[in-house]
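Visitor: Could you fit the two chains together into a complex? Lean on the hints.
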Amino acid sequence: MNDSSANTIRWKSGLWHNNAALVQLLGLCPLLAVSNTAINGVALGLATLVTLVVSNTIVSATRHWLIYEVRIPVFVLLISGIVTTIGMLMNAFSYELYLQLGIFIPLIITNCTILARAEAFASRNTVAQSFLDGVSHGVGFALVLIVMGAIRELLGTGTLFSQSDLLFGTLIGEEPLMAFENYRGLLVAVLPPGAFIVLGLLIAGKNLLEQRKHPQHKESVSSEI
Amino acid sequence: MSAKQVSMRDAARLGCYALVTGLVLLLANRFTASTIHRNELQHLNATLTEVLPDSYIDNMLQAKKVAVPDKNRDQSLTVYRGYLNQKPSAVVIQTTAPEGYSGSIDLLIGLTYDGVVTGVRVVKHTETPGLGDDIEIKKSDWILSFNGKGLNSPVNWKVKRDGGDFDQFTGATITPRAVVHEVHQTVEWYKEHRQQIFDRQ
Chain A
40 MNDSSANTIR WKSGLWHNNA ALVQLLGLCP LLAVSNTAIN GVALGLATLV TLVVSNTIVS
100 ATRHWLIYEV RIPVFVLLIS GIVTTIGMLM NAFSYELYLQ LGIFIPLIIT NCTILARAEA
160 FASRNTVAQS FLDGVSHGVG FALVLIVMGA IRELLGTGTL FSQSDLLFGT LIGEEPLMAF
220 ENYRGLLVAV LPPGAFIVLG LLIAGKNLLE QRKHPQHKES VSSEI
Chain B
1195 MSAKQVSMRD AARLGCYALV TGLVLLLANR FTASTIHRNE LQHLNATLTE VLPDSYIDNM
1255 LQAKKVAVPD KNRDQSLTVY RGYLNQKPSA VVIQTTAPEG YSGSIDLLIG LTYDGVVTGV
1315 RVVKHTETPG LGDDIEIKKS DWILSFNGKG LNSPVNWKVK RDGGDFDQFT GATITPRAVV
1375 HEVHQTVEWY KEHRQQIFDR Q
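Here the protein sequences come in this chain order: A and B. The number in the working numbering is simply the position in the first sequence, starting from 1, with 39 added. The number in the working numbering is simply the position in the second sequence, starting from 1, with 1194 added.
Hints are computed from structural coordinates only; laboratory data are not their basis. The C-beta atom is built at its ideal place from N, Cα and C for all residues, glycine as well. Among these hints, one or two may not hold up.
[Claimed, not checked] With the Cβ distance kept under 10 Å, some of the chain B side facing chain A (calculated, not the full set):
id	residue
1	V1200
2	R1203
3	T1215
4	G1216
5	A1227
6	Q1236
7	L1325
8	L1345
[What the hints assert, rightly or not] List time: in silico EDC-like cross-link candidates among lysine to aspartate or glutamate, alpha-carbon distance up to 20 Å:
id	chain 1	residue 1	chain 2	residue 2
9	B	K1265	B	D1300
10	B	K1343	B	E1330
11	B	K1332	A	E135
12	B	K1333	A	E135
13	B	K1198	A	E108
14	B	K1354	B	D1393
15	B	K1333	B	D1300
16	B	K1281	B	D1252
17	B	K1318	A	E108
18	B	K1332	B	D1252
19	B	K1258	B	D1393
20	B	K1265	B	E1234
Just chain B, with the same shape it has in the complex (with noise of 0.2 Å):
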């Protein structure tokens, strides 16, 4: 064989193998994508349960998904609206509290029409384990102390190092101030953009 031959040869064989590989992950995908599928929604609807409690609304929320564009960042900012006999009652806030310790802080964060706190959760970061982790509810119920601020009060919005209302932890404070901060200026956004998140379709 010549050697234009033998690469013929090999291209082929390599060719094969791709070929086949290629079928296995095209079946797999077919197979396991709408599970997946069913999965992620799943998991998304728990989240936003915890956030928002059912007592506050009776539609679905993924249905009401709306893209609201923000002037202080180059994204909009995913918001889930929540009815109740037809009238707008609650939101799911989709946010990203940028300034955590070693990273962005990605937050889900629950309002009533009013612009109350019904919950916050962190649904992605990367702070320090055993010091920042504390903002997840596994690890301490820190992140309830939120619950039942906003609109309807004053409240001061800086952990109690900085003279406001929050607890920082032991050992980190930068952790707990992004929070915080992102919690505030997402009830303040709300307030301003109200109307316009309810007015869209």
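Extracted from the complex, chain A is given alone in its bound form (with noise of 0.2 Å):
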């Protein structure tokens, strides 16, 4: 195997065949709690994204280096480490987005997405692979995050992106896109319960593409880790 198919096969698999969201049901926690608007999840995804590449890389970098029976310890200690650093970055130079979610940021830690790949690829392969894995999970779950926090912000109040100013300033405008003029709000979707609803939906609708490529298996199948 080339290493270019090798790429191939890490991109696919993070974005789609294991994507942490929606095939491994990892990192529920951070996923259902904060995908309310879209740019909570563009946040968090980012975050997330930022977290799982710098663990990937360092647990990769270090392997030779880990023994077996404490490797678990050790992850949880540098994924801890890695993003209560984050968070005071945030802090510091993003004040605003910190204050919108600060209290969210400790949630990464219980993304088990994160602790996942540490055990069953970076722990295992080459640095460079490890953080094109790291990537790849990453951009999968925050995607999943962006188009939930989209679906229920557009459900629940009618707009989208908005407060955008505090991740992007004044780049998009301060104005969040209006999709329906005095939409009064589907409140279920903004709320816990919508969460669930929507999460639901979207692994049905992959699931129903992946039947319809290939029909002759009755259930996705996901061998590859």
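Guide: This is how it looks when you write it as structure tokens:
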């Protein structure tokens, strides 16, 4: 297997076949809690992506030094250290956003995706491959977070990317995109039940696409980690 | 290696990771602490200015912070005292409405020396999005309806459904009721404690 086809497999695995949120159902705690607006999704998605890439890289770089019996505490230690550092940096350099997301940042530690990638991939593969694995799984998770946030915000309040100034300054305008005028809002979408319903629909949609593509499979099968 | 030696080796390795992680956190904290502190002060300052416009005072509110005991609750209230030409001119009181729909609502209330509201802002709350969160200035200008009310004129401190002066929200009465009640309580508390507030060092 040459490099480029291995890279393609990494990308497909993270974005689709082993997507952390839609297939492995890992990281549900931050996924369900923070996907109430699109901009929250973007912010937490980016923070998770950075954490995952840094964690994968460090774990992979020190993998020959790891002792099998104590690897899990070491992973947890590294991940919480990385997340705490990111939280401090956000608090210092993106304070408005930190006010909005601050209480959710420690939630990234509870995202099992990061531990799972450290254990299943980074501790057994080269730094370059682990880096790519972190990027693809991080992007895959972030995309689901953003799509869920966008759907819930659109249904719940009729806006899209409101408060984007917290993240992008005035880059894309202060006013949110109004999808419908005088929309009364579907409250359940921004409440916790809405998170479960939208996630369920997304998973169902993915499985439907898989079945269309491979009609012989009754269920989507994923053996590649 | 004996079992004991293996354990020692594992513990030492884990300790090394812990040491390095701790060191990184220490550096990150050193590096960011002053910026974070400045951010927090700026944020507090901006919120204080929102409830008490600069024209009322000529001192730094944060420098005149005082905790005044309140007999009705366990904690004391935090009060920021404002002065104009060395004379007491205004206060900002930090308080909590305990009876929101889903928990307590933290408020900042600005008052002139005579007990007239210059502004109220919700600092923290967990009310239902889309229903109760109209108490936020970002969502609705309802919170501005307190401005100019206070000890100068008779006010019926209730929501309209209870026969008072303040609007409730469609589908949410408990949240605005709690805020109106707390602002009223605070204004009354200020009337009784004004002397004590400005006498303290």
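Visitor: Would you mind marking each hint as holding or not holding in the structure?
Guide: Cross-check of the supplied hints:
no.	hint	verdict
1	V1200	holds (8 Å)
2	R1203	holds (7 Å)
3	T1215	holds (4 Å)
4	G1216	holds (8 Å)
5	A1227	holds (8 Å)
6	Q1236	holds (8 Å)
7	L1325	holds (7 Å)
8	L1345	violated (33 Å)
9	B/K1265 to B/D1300	holds (19 Å)
10	B/K1343 to B/E1330	holds (19 Å)
11	B/K1332 to A/E135	holds (14 Å)
12	B/K1333 to A/E135	holds (17 Å)
13	B/K1198 to A/E108	holds (14 Å)
14	B/K1354 to B/D1393	violated (38 Å)
15	B/K1333 to B/D1300	holds (17 Å)
16	B/K1281 to B/D1252	holds (10 Å)
17	B/K1318 to A/E108	violated (44 Å)
18	B/K1332 to B/D1252	violated (28 Å)
19	B/K1258 to B/D1393	holds (12 Å)
20	B/K1265 to B/E1234	violated (30 Å)
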